[in-house]
Amino acid sequence: MLSQPQPQPEATPVLEISGLTQHFGGLRAVAGFDLRLEPGELAGLIGPNGAGKTTVFNLVSGFYQPSAGSIRVSGVPTAGLKPHQVTALGVARTFQNIRLWNDMSVLDNIRVARHGRLGYGFFHAVARSRRYREREAEIDREARELLEVFHLDRHADELPKNLPYGTQRRLEIARALAAKPRLLLLDEPAAGLNSADIQELIRLVRWIHGHFQVTIWMIEHHMDVMMELCERIRVLDFGETIAEGTPDQIRSHPAVISAYLGDETI
Amino acid sequence: MFQRYSIPLLLTVAGGVLVYVAKEELVNLYILSVLMFMGVNVILATSLNLVNGYMGEFSCGHAGFMCVGAYVSSILGVLLFSGHKAFGAAWLPAELAVWGFPLLILAGGVAAALAGLLVAIPSYKTRGDYLAIITLAANYIIISLIENLDIIGGSRGFMGMKKIVNGMEETVALPWMPLWVFAFTIFCVWLLRRYLSSTFGKGVMAISQDEVAAEIMSVNTDRIKTITFMLSSGLAGVAGGLFAFIVGYVNPGSFNILKSTEVLVMVYLGGMGSLSGSILAAMLFTVLLEALRPLQIIKWVVIPLLLIIIMQFRPEGLMGNRELGDLFPRLRRFYRFK
Chain R
1 MLSQPQPQPE ATPVLEISGL TQHFGGLRAV AGFDLRLEPG ELAGLIGPNG AGKTTVFNLV
61 SGFYQPSAGS IRVSGVPTAG LKPHQVTALG VARTFQNIRL WNDMSVLDNI RVARHGRLGY
121 GFFHAVARSR RYREREAEID REARELLEVF HLDRHADELP KNLPYGTQRR LEIARALAAK
181 PRLLLLDEPA AGLNSADIQE LIRLVRWIHG HFQVTIWMIE HHMDVMMELC ERIRVLDFGE
241 TIAEGTPDQI RSHPAVISAY LGDETI
Chain E
1 MFQRYSIPLL LTVAGGVLVY VAKEELVNLY ILSVLMFMGV NVILATSLNL VNGYMGEFSC
61 GHAGFMCVGA YVSSILGVLL FSGHKAFGAA WLPAELAVWG FPLLILAGGV AAALAGLLVA
121 IPSYKTRGDY LAIITLAANY IIISLIENLD IIGGSRGFMG MKKIVNGMEE TVALPWMPLW
181 VFAFTIFCVW LLRRYLSSTF GKGVMAISQD EVAAEIMSVN TDRIKTITFM LSSGLAGVAG
241 GLFAFIVGYV NPGSFNILKS TEVLVMVYLG GMGSLSGSIL AAMLFTVLLE ALRPLQIIKW
301 VVIPLLLIII MQFRPEGLMG NRELGDLFPR LRRFYRFK
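Chain order of the listed sequences is R and E.
Heads up, the final residue of the first sequence is numbered 266 in my numbering, and it's a clean run with no missing numbers.
Heads up, the final residue of the second sequence is numbered 338 in my numbering, and it's a clean run with no missing numbers.
Hints should not be assumed to be uniformly reliable.
As the list claims (entries may be wrong) - If the Cβ cut is set under 10 Å, some of the chain R residues that face chain E in the computed set are:
(1) Asp103
(2) Tyr120
(3) Glu136
Honestly, the hints are just simulated from the structure, not real lab data.
Ideal Cβ positions, reconstructed from N, Cα and C, are used throughout, including at glycine.
Same shape as in the complex, but just chain E (with noise of 0.2 Å):
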């Protein structure tokens, strides 16, 4: 019984805190800021990981779908419920963003699953090291279209977001924003839990392992790289979506290149193959970012340097292939995941 509830209690005395936190303002704005990045990044480490760790592809392209995320979610929500100088009024009363904001992100989050077929339908026929490179056009390809994109403000960026976000604190009095990131986080681990732990999903792992076998044994490896790469991209938008209203101003500059390497950086430090791992490493890597902010332009030295050291001395990351159940054995024995 315990065993069963334990985990959901667990999460919403969390967010239940969070939310108690941000609300009576224990934390400055600064802490709490942090801590939605760390909820960001845990979702785009997790979602890349399904790629590059389970699958054993290597995308190298995932801020790209960030940023069709963080662009849908930001013009919707400013087309529905704010307004815009390009597009006119507002076509729904502000009052509704309360509801209308997780239907934002999730709208963000499906046009980016849509644009992983750029990158799925190409998978069928390529992989591993041309596969990458195609990651990679996928990335600029995104990135030039809004770039060039005059209505949308391109390489001048969109903002209007953070109207919406304190209008939905005007309507009902909570913080929004931690607790939809907070949300979104769960959900996102959940939803790569389930999906990978079906035998529906460990045909993925079949495909990372032995492609020929995997194909010949019954497992239709297109269906399965289809769904892979759109459920991956597609929690990279939610992730950009959140993004997006966090910060309340968006730019294509910032879902570049060197941001996908920042989440290669998490994915490859947590261990490939390994959830738990992902989010630690996201967490971790939120907090170190945030340290050597000192350091200025420098912590592009010393980040790149973190993952060539980890690279010669532990290739397989923090958790490499495992997760926390198989360390702690007797928590695995308490939770008997299925």
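Excised from the complex, chain R in its bound form (with noise of 0.2 Å):
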């Protein structure tokens, strides 16, 4: 097995890209990406519908491999590395369409995310081992922590599948956080949730990305959601980066605007 590389200390970028590219067969669905993201930032990344926007966490996270560029976090660069080395070196995310495992509690959702630094394996699970028992209450307590300040404490005992979908969202953000990132990528947090529910998710980010002390990456297509929410906004279509700035330069953009509605020009 792959010894798990150590993410250096503080100071150095908690994410660096230069020039990732993406090719699917002929389809090249990301081209030249590059971004730096400083430690305690919340940044955004928006485009129009198969923009290429959730290749690019597919392949931050190391869900795929690259074709060209590389990817560091915090200074180690992940070419090769699986996605779970890739989650210990302290990037987690949430998924576009919810994936949690629907058939395991509320309690047991967290405490699998934190198989990362689980300091335990196979022989001290069975054997009971002193190890293991000191390891499994301080998961146990973590993860009871962790749901009490998502206010989700009372669904412990609950399966995901049961609770309602602004909920099941919560859970996802808590279940990433359980890994105890340093990174945090947030895919469309926002889709399917209703307006009352789209203002408590941006309270909610905005509490995590200071309680937390993580940096936020998000992509979203709520505009007023990432206008709130985001230092700076980068835009993506067709897999190339067309805009980048505050969300009131990307606002007034006119090449965001042509993305977006088309040409004035027909």
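Reconstruct the complex from the two isolated chains, following the hints.
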């Protein structure tokens, strides 16, 4: 088994992408993507459908291996790493369509996300060694604390599939944070939420950003969410960056307007 | 206090009764052998449920791993404690067999666990139907290999284990086989229960429910799959070893796809993802097989028919993803298993 590379201390950018390119057969999904995320940033990624946003996230989380270019998480190149190794470096994510483990209790969903730092293996588990008992007690305590701060503690023993949609979204974010990431990737967290839930989501993301001191990078279609939250937004169209800037700059950027609404000239 | 020790106490009493009954010959040998097959079937069904029920893969080659265990335990036993015309005299005195026996069974289990790699390694990249085909192929590879190894009897089979069991009973007058079958059955269920209730083992369920999410949420899926397949096939090997020593004779033909199907029926009868379901179903099925014995060959029409009926009317099986504790909440409150 490959030894897990250790993330380097502070100061280095949380995420450094250069020349990232991904081809699917003849389709060029992402081309020459560059990015630097400093610790504590809250950045956004937008673009029309099929622009390659989720592909970028899949590349960063190690689910795809890039055709070209490099990704560094906390200074460590992720080329050749499996997704769970990338997660152990400090990247956690949520999915566009919620992917919880639906037949496992809410508490277990959180606990399993601690797999990267379990600290014991099969033989400890079946022997119920001292290390196993200590680690399990700690994991259980941390998981319950996390559920509590997310106001999910009263659902601890329920199955996620029986929870309302908005609560499932919140649980998925909580599960991602259970992996103790330095970088949190949110893939359309507001998809399918009603306007009240969206207001709550905005508060939640802002609170997570401060409380967990985590760098957040999010994809979202709801522009009001992005305008409220992000300091910096990147716009992607057909795999290429067409604009970058503050929310106000993006709102009035001609390339963005034409990408979303089409050209004025017919 | 009572909660904590009641289960070990109950099991010790049950084991004691079993040994007493067997020693005093209060039940005839036929009933005793049915009880022993029950134990073997419990091991087979629970260990297959680990893969098919908990991990959500479809293994239909379980009998292949049972075969590896059966042959390795038997050959090692004969080699060490009784001697064989092809291998020469015994390497160790026959009196040691009493102590060596559990090690023989465990050695069979270890060998079967290694054979499990045959399925575990392809499972990193393959799943679902394709992996099912691989498990089927693994079953055939193992059977064909043994059929063509003439030194251990090829398709004629291998024997000489009865002598070892008789020797053990001469050395210390106890009904060793029922005792060990009982002990290994408990060991198997205990091992699976501990594995599956740990956060580490819950990774198995995470893989079955959403493998992509599991991998991305820090579960080392390759490692979990390797351990799970090896544990499952290793326990099948233990069951095979016990089976070989109960019957006293093994031949590759008894570990073919028909045997694998038999175990599948037990798992589906009991319910996927339920250890207590598999235990109940394995016991029920063993009794059913014996009860249907007068039907002779028609038995093999009735049993597959049973599978069709289960799938039609109760696809989740007897217990479907629940344990005894879920059915009897008071039992659950009493024990608070962790």
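Violations among the numbered hints, reported as their numbers in ascending order: No numbers; nothing is violated.
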